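Since the structure of chain A is provided, determine the placement of chain B on it from the hints.
First to last, the sequence lines map onto chains A and B.
So the first sequence is residues 568 to 691, counted in this note's numbering.
So the second sequence is residues 9 to 214, counted in this note's numbering.
Do not rely on the hints blindly, as some may be mistaken.
[Unchecked claim] The calculated BS3-like cross-link candidates involving lysine-lysine, where the alpha carbons are at most 25 angstroms apart (straight line), are:
(1) 165/B with 110/B
(2) 165/B with 176/B
(3) 610/A with 93/B
(4) 610/A with 110/B
(5) 605/A with 110/B
(6) 133/B with 605/A
(7) 110/B with 133/B
(8) 599/A with 176/B
(9) 599/A with 110/B
(10) 599/A with 170/B
(11) 610/A with 94/B
(12) 605/A with 170/B
(13) 610/A with 176/B
(14) 605/A with 176/B
[Unchecked claim] Away from chain B, derived, C-beta distances all over 10 angstroms, residues of chain A:
(15) 570
(16) 574
(17) 608
(18) 624
(19) 635
(20) 664
(21) 669
(22) 683
(23) 685
[Said to hold, decoys possible] Chain A regions said to be covered by chain B (calculated; three or more residues, Cβ under 8 angstroms):
(24) 598-606
(25) 609-615
If you're looking for bench data, these hints aren't it; they were derived computationally from the structure.
Quick caveat: nothing in here was measured; it's all calculated off a predicted structure.
Glycine included, every Cβ here is placed at the ideal spot set by N, Cα and C.
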Amino acid sequence: MTPNPYFFIVIFVGVALAFPILPLALAWLWRKFFQPSKPGVEKNATYECGVESLGEAQVQFRSQYYLYCIIFLIFDVEAVFLVPFAVAFTGLPVGAFIAILVFLLLLIEGLIWAWSKGCLDWAR
Amino acid sequence: MTAGIDEGLRSELQRQGVWVTSMQELYNWGRRNSIWPLQFGLACCAIEMIATAASRYDIARFGGEVFRPSPRQADLMIVAGTVTKKMAPQIVRLYNQMPDPKYVISMGACAISGGPFKQGYNVLKGIDRYIPVDVYIPGCPPRPEALLHAFMELQRKIDGQKLTGDNKAEHLDPGQPSEFPVPAFGEHDLEPAANPDLFHPPTIQR
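Same shape as in the complex, but just chain A (with noise of 0.2 angstroms):
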């Protein structure tokens, strides 16, 4: 009689099954008939630096940056527009140039604006 095809996998079941539980059967039956158990404060401590914790987990920071994030993306946005603009610069014409002008002088005085409103200062 031929046994079942799948019965290997049945073996390694049981292998899987048996190679984390045997090692730590063992070491909960040392633990109980050997060791002595010894928790403590600091043992039992939630965190493992060697720093003790200082008050509470839930903390809320505010959120300070994202103005500088929306306007680095703006000018971020702004280079890759110069970037075509430099690269074809001999050969535009005059009406290409004034319009590129006037989109810059628009960012310029947006950053001017957002500038005065104190956008650029830190922890406002």
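Frame of chain A; chain B shown alone:
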């Protein structure tokens, strides 16, 4: 459990291909060949410790290559370097968080006594003021070979630890503390300046 078999009979059996062991020997064999050190360095000795762990000196030959970043998984604390008074509470706390059995190697002159910085106002004059030390390695810094030697000495110590009887290993004694008081900053110094239960410096009789 310990005095189970005669040593001569054991070697005779080994020659015939029969391996006889005891629970204690098996336990200590496993422990001494898988000492996991806590991964932290304090000063220049840590560089030597890193060299010991790297391929040239290769502490893996002795089973100590698994440097653990968590004290919960570590067996051995290698105090490698100058212990400042600011760092001492953290070290004691980390030692307290290690599970038993735990061992300490005091590496280098600074960890033993403060070393060249002994006269400094901010240096602890030996980590054995707060935690029990198993092996001291002199040197400034000790070479990797010296650390390996200390490691082997520790393995020898673990090998000799008894599971039962009157002189059984300290960590098996329920009365033996596993945690030691963490020093705190006082007005001028760490308080207490040393653990009086632990630190018994030799007194000079004149």
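Each hint, compared with the structure:
1. 165/B with 110/B: holds, 12 angstroms
2. 165/B with 176/B: holds, 12 angstroms
3. 610/A with 93/B: Holds, because 22 angstroms separates the two Cα atoms, which is no more than 25 angstroms.
4. 610/A with 110/B: Distance ~13 angstroms between residue 610/A and residue 110/B Cα, so the pair holds.
5. 605/A with 110/B: With Cα atoms ~12 angstroms apart, residue 605/A and residue 110/B stay inside 25 angstroms; holds.
6. 133/B with 605/A: Status violated; Cα separation ~29 angstroms.
7. 110/B with 133/B: holds, 22 angstroms
8. 599/A with 176/B: holds, 17 angstroms
9. 599/A with 110/B: holds, 18 angstroms
10. 599/A with 170/B: holds, 18 angstroms
11. 610/A with 94/B: holds, 21 angstroms
12. 605/A with 170/B: Roughly 19 angstroms separates the two Cα atoms, so the pair holds.
13. 610/A with 176/B: holds, 23 angstroms
14. 605/A with 176/B: Holds: residue 605/A and residue 176/B sit about 17 angstroms apart, inside 25 angstroms.
15. 570: holds, 34 angstroms
16. 574: The claim stands: residue 574/A keeps its Cβ more than 10 angstroms from every Cβ of chain B (closest is about 33 angstroms).
17. 608: About 7 angstroms separates residue 608/A from the closest Cβ of chain B, which leaves it inside 10 angstroms; violated.
18. 624: holds, 19 angstroms
19. 635: holds, 34 angstroms
20. 664: Its Cβ never comes within 10 angstroms of chain B, the nearest being 60 angstroms, so this holds.
21. 669: holds, 57 angstroms
22. 683: holds, 46 angstroms
23. 685: The claim stands: residue 685/A keeps its Cβ more than 10 angstroms from every Cβ of chain B (closest is about 39 angstroms).
24. 598-606: holds (count 4)
25. 609-615: holds (count 4)
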